[in-house]
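There are 2 protein chains.
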Amino acid sequence: MPTDRPSLIPALKNIATRLRIDSIRSTSESGTGHPTSCMSMADIMAALFFGEMRFDPKDPKNTEADRFVLSKGHAAPILYAAWAEAGAFDRSELLKLRDISSDLEGHPTPRLPFVDVATGSLGQGICAAIGSALNARRIGSPYRTYVLLGDGESAEGSVWEAADVAALDKLDNLCGITDVNGLGQSRATMWQHDMSQFERRWQAFGWRTIVIDGHDLNAILDAFEQARATAGQPTMILARTLKGKGVASVEGKDGWHGKAFKKGEEMDKAIAELERQFVPVPGDGPAARSANRIPKPPAPSRPVDQPKPVAPPNYKLGDQVATREAFGAALVKLGDADARVVALDADVKNSTFTDKFEKAHPDRFYENFIAEQVMVGSAMGLAARGAIPFASTFACFLTRAADFSRMAAISNVGIKLAGSHAGISIGEDGPSQMALEDLAMYRAEPNYTVLYPCDAVSTERLVALMAYHPGPAYMRTSRPKTPVVYGNDETFEIGGLKVLRESGDDVATVVGAGVTVFEALKAYDQLRAERILIRVVDLYSLAPIARDALIAAARATGGNLITVEDHYAAGGVGDAVAEAVAAAGFTVHRIAVREIPRSGKPDELLERFGISASHIVQAVKSLKLPVRS
Amino acid sequence: MPTDRPSLIPALKNIATRLRIDSIRSTSESGTGHPTSCMSMADIMAALFFGEMRFDPKDPKNTEADRFVLSKGHAAPILYAAWAEAGAFDRSELLKLRDISSDLEGHPTPRLPFVDVATGSLGQGICAAIGSALNARRIGSPYRTYVLLGDGESAEGSVWEAADVAALDKLDNLCGITDVNGLGQSRATMWQHDMSQFERRWQAFGWRTIVIDGHDLNAILDAFEQARATAGQPTMILARTLKGKGVASVEGKDGWHGKAFKKGEEMDKAIAELERQFVPVPGDGPAARSANRIPKPPAPSRPVDQPKPVAPPNYKLGDQVATREAFGAALVKLGDADARVVALDADVKNSTFTDKFEKAHPDRFYENFIAEQVMVGSAMGLAARGAIPFASTFACFLTRAADFSRMAAISNVGIKLAGSHAGISIGEDGPSQMALEDLAMYRAEPNYTVLYPCDAVSTERLVALMAYHPGPAYMRTSRPKTPVVYGNDETFEIGGLKVLRESGDDVATVVGAGVTVFEALKAYDQLRAERILIRVVDLYSLAPIARDALIAAARATGGNLITVEDHYAAGGVGDAVAEAVAAAGFTVHRIAVREIPRSGKPDELLERFGISASHIVQAVKSLKLPVRS
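Protein chains in written order, with this note's numbering: chain D, 1 to 629; chain S, 630 to 1258.
The following block holds chain D by itself, in its conformation from the complex (with noise of 0.2 Å):
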């Protein structure tokens, strides 16, 4: 950055300096928080918010403005109080931190309009940041993004999944700063102020490295410029700390890991000392109000892409076609038509048939090897930053990305996961590779929409659906191959279901989903054979579910209600039946795999682990039913 070294640095002391005192001040009016672990990236924060950042304070979501991602979001405070420095809002409300009435949550949330995804589970924001650098690279825009980790963070394996793609990818618009203060929350960090550690893995990962004294602003801004100037490849700024830096009695101390200053006499000591650290700055005064040091990024004139009309399905009903096949298919559709929607692999994209669109977008296809974490985190970063992200893989792998699912629904960000080969029917690979549990993974999470559709048809409708539905979105598909059982021109929604047979005198409800609506149809063959009839309904949409319809299926089939899926019993179809039909008094009940299943041919796996056509035929013998003339 071209400025006056000898009157920036003065001023960016005091900046630093005041960041310090509103995290003391915040912390200990709220009682809790991480006073120490802001001090110790004070230097860093001044110099990057006011010395090196394009942004626009008052339009913190500028398209072409620089991002600056938190990664050790137990910092909040000081994140707070750089862009209260910066004039987003009153400094006054930074003594709300905390408090339900506010927005400045403990760890930052996209309830604030400048933070693009939620932080606070360690590891996380480096691979959100990524996304947020590919995304630039996407629009061809020339913002940067910054992020700022801890150094007891870089434990997490995460960060090197983050630290192999970025350098693969060569992301040379993303600058990551590590804190080490070397302390952790509970001990010394793992390497604690050994910053050779730190320097060997990320230049063994492919990263530029530039180790500085982090309370040297002249090195800080130094190694922005370095950063900026590398090409080719990520750079990772280590900057050596001290936590609690500013006051001394406990500046580097133990001990003091997420505790605030007592109001009123420890807290007063702290923040006079720091007082006394204010130096003058030359040609100081209103002209120089901090904000007005922030270079604007340019206005955002770029054009919004629309998206063209996609296709309808185009398969024949009989058709034998897997979903994660369909899947695959109908990304390529989507993608064809709307420049904003992305796919991210885990290297099984022959799997998930995501080498489809590699094939047709190869510029809007991100492999991630086999690192899941960083695959759904860097969806995060893409999402939050205006792309439609689709991440694909095993749906069973997808539970090795499950704290990032969980963060990505804290941020109500627009992820789209599809999950492949779930189930028992996946067959001779064995329990390993079956996924049983990733129903109740994303159910759990509130704002989650979960979709399972059983053909070609209403994939491809569901995929359409699941791009432009807000919030973060799962779809599980099947390794089997199923007939297409709706024409093309049927219609889906997101909390609909479909009633594939009824009639006036059915004695029993079978909600399927998946490879089991086909079980649930050859019941209805053999029980009609018998003159049993069944209702079959294919609960294509988890959650949202359709709640009204199910009752009504419920009461005009006599109250009996069973669900049959290829998931354990806990957490899938059953309970999402059972709660939404609970308050009209109606029970279900449920088949599901309930033991740990093993390797097998599809067909036999389904009958021994109690989830093919004859247990449906059972469950629905076994009712109390009338007899019928």
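Possibly wrong hints are sitting among the right ones.
In silico DSS-like pairs for lysine-lysine, Cα to Cα no more than 30 Å straight-line [unchecked claim]: (1) S:Lys690 with D:Lys96; (2) D:Lys481 with S:Lys891; (3) S:Lys988 with D:Lys259; (4) D:Lys263 with S:Lys1110; (5) S:Lys642 with S:Lys888; (6) S:Lys1110 with D:Lys253; (7) D:Lys522 with D:Lys498; (8) S:Lys882 with D:Lys481.
Simulated DEER-style distance windows between Cβ atoms [unchecked claim]: (9) S:Arg1223 with D:Val499: 25 to 31 Å; (10) S:Ala817 with D:Ala583: 52 to 58 Å; (11) D:Gln277 with S:Pro771: 53 to 59 Å; (12) S:Asp897 with D:Val499: 49 to 55 Å; (13) S:Asp719 with D:Val499: 40 to 46 Å.
Just so you know, the hints here were simulated from the structure itself, not pulled from any lab data. The beta carbon of each residue, even a glycine, is placed where N, CA and C say it ideally should be.
Starting from the known structure of chain D, arrange chain S on it as the hints suggest.
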């Protein structure tokens, strides 16, 4: 290994060829599987099993035997072939690979006596191997642990968590081998055959590295020797190999991952090509059978640790003690009584109170820093080798290890997890620190014990019960202090519940757990003042669940069942109770957290997010109650 190399090498070469043939034959018979992933590592397996490891094929669980973990679990066929070659079972069994009648599953599981933990989700085996190596140190055994990884697998962050922990713990009894065959599932791996990429990463993380040609038996044997002679650090042997090695038509070719040779000409040709690679072995004959080459470990003579009795709890009714603190105290007592009990932390020991255990038993306390995956994976290895490992962190961060918990279920291995700071009752830290989906996660697995105590006495009793209950278990603890409600002599059982308030006039049963037990008790008091009586249940065991007692309570209280939980609505207490009572025809009114929460004071949050006493009172009053005089 001081062996006669000139005769050993040709013998090992022939073994490697047989292992390749067996891998092809068994996968071709199944029609599925990963023969080429086996063929790249055949020479390593031959050298490891018949030139390096000390084990007894007839007693694979021998406590003093060297361990082998196949982290790239999809190469299961060659693992089985090696054990057959060693004489553990008849070679003809190999042809039942992946059949429902055989324990030779698609990926290894502990259904087989020589498999310690299930693998098949990449990046986990190396974490379990750390647990195995730590266990050798715990019992003072010289056994060594070997773990074989794929190169694609190295993209998983958990591998680097493991790398850090093994180096920090100076595990020189651990030897890794990376099979660098350069090809992943869907394409070339990240670094293909650039061995320096692997070398610099492992060196940066503090391991000794040895780069070899993975098809050079002398080099492999030398590397094992060097690893054995290395003190103070673990060794990673980086073996350059060719996928499909031995059959020219597939050697080093993309597109052959997870593909069996077609039975018939394709298979026959491949096997014939391999058979031509057999070489004469000097002095070969019946006496030189492979099994005879294996150095046996000492007979297991180690005395079994006999736990001493644990003193009963020592709390006073009404004492205010957080269950997380009672957990820490209980763990110390358990550790005093039983030398098999160990504790694992992820830098939150001062919040989970396992710092008490560290103080009492520093040699059985394993710090993993902020790395939840290796913490849980290492616990799996420890449990598989006879320790009773308690791994704990904030419950929300256990989601980081969800895939490990899943594989622990498949392994049915006795890890004991404890998640603290559950739910919105933690207050100001905000949603990123609140576990609201943990019960759903563990309840989904069919063999987890899930416990959720509300006071210190029940916590202490349940910690001891979960320690000795077979299989994996999870305990949820809370941040706020809660009053002791049980006497020190009160007894508890896995699968039990406690009725805290009851009368003959109860109009409803309110089922709470953890902090909501106290909201239910407050509601009881308020309602009683209005002459409305309710039954209050403490459901401290979610899985298994006291089905009969819940049905009895529902029957006795007009069928009115209300659950209240500090957890999202799906997958937690409400769903658990609902399924338990469904067959008896009862439905459940669920009070739970139904949106993303925020920061605030605990009591404010309980009120705002609908799980406080006032919401219970309201729910009871909204029931259609008989008018009492």
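| Between S:Lys690 and D:Lys96, is the straight-line Cα distance small enough, at 30 Å or below? | This hinted pair is violated, its Cα atoms lying about 59 Å apart.
| query | Is S:Lys642 within 30 Å of S:Lys888, Cα to Cα? | reply | Holds, at roughly 25 Å.
| field | Distance restraint evaluation - S:Ala817, D:Ala583, Cβ atoms, bounds 52 to 58 Å | value | 55 Å, holds
| request: Mind checking the alpha carbons of S:Lys988 and D:Lys259 for me, to see if they're no more than 30 Å apart? | output: OK: S:Lys988 and D:Lys259 at ~22 Å, within 30 Å.
| query | Does the structure keep S:Lys882 and D:Lys481 at a Cα separation of 30 Å or less? | reply | Roughly 28 Å between the alpha carbons, so the hint for S:Lys882 and D:Lys481 holds.
| request: Using the Cβ atoms, figure out if S:Asp897 sits within 49 to 55 Å of D:Val499. | output: This hint holds: roughly 52 Å between Cβ atoms.
| query | For the pair S:Asp719 and D:Val499, does the Cβ-Cβ distance stay inside 40 to 46 Å? | reply | 54 Å, violated
| field | Outcome of range test on Cβ distance (S:Arg1223, D:Val499; 25 to 31 Å) | value | Given about 28 Å between the Cβ atoms, the range holds.
| task | Could you tell me whether the CB distance from D:Gln277 to S:Pro771 stays inside 53 to 59 Å? | result | 58 Å, holds
| query | Keeping to a limit of 30 Å between CA atoms, is the pair of D:Lys263 and S:Lys1110 held or broken? | reply | Distance of about 23 Å is within 30 Å: holds.
| query | Are the Cα positions of D:Lys481 and S:Lys891 separated by 30 Å at most? | reply | Since the Cα atoms of D:Lys481 and S:Lys891 sit roughly 21 Å apart, the hinted pair holds (cutoff 30 Å).
| query | Taken at face value, is the distance from the CA of D:Lys253 to the CA of S:Lys1110 at most 30 Å? | reply | Roughly 28 Å separates the two Cα atoms, so the pair holds.
Checked against the numbered hints above, the structure violates hints 1, 13; every other hint is satisfied.
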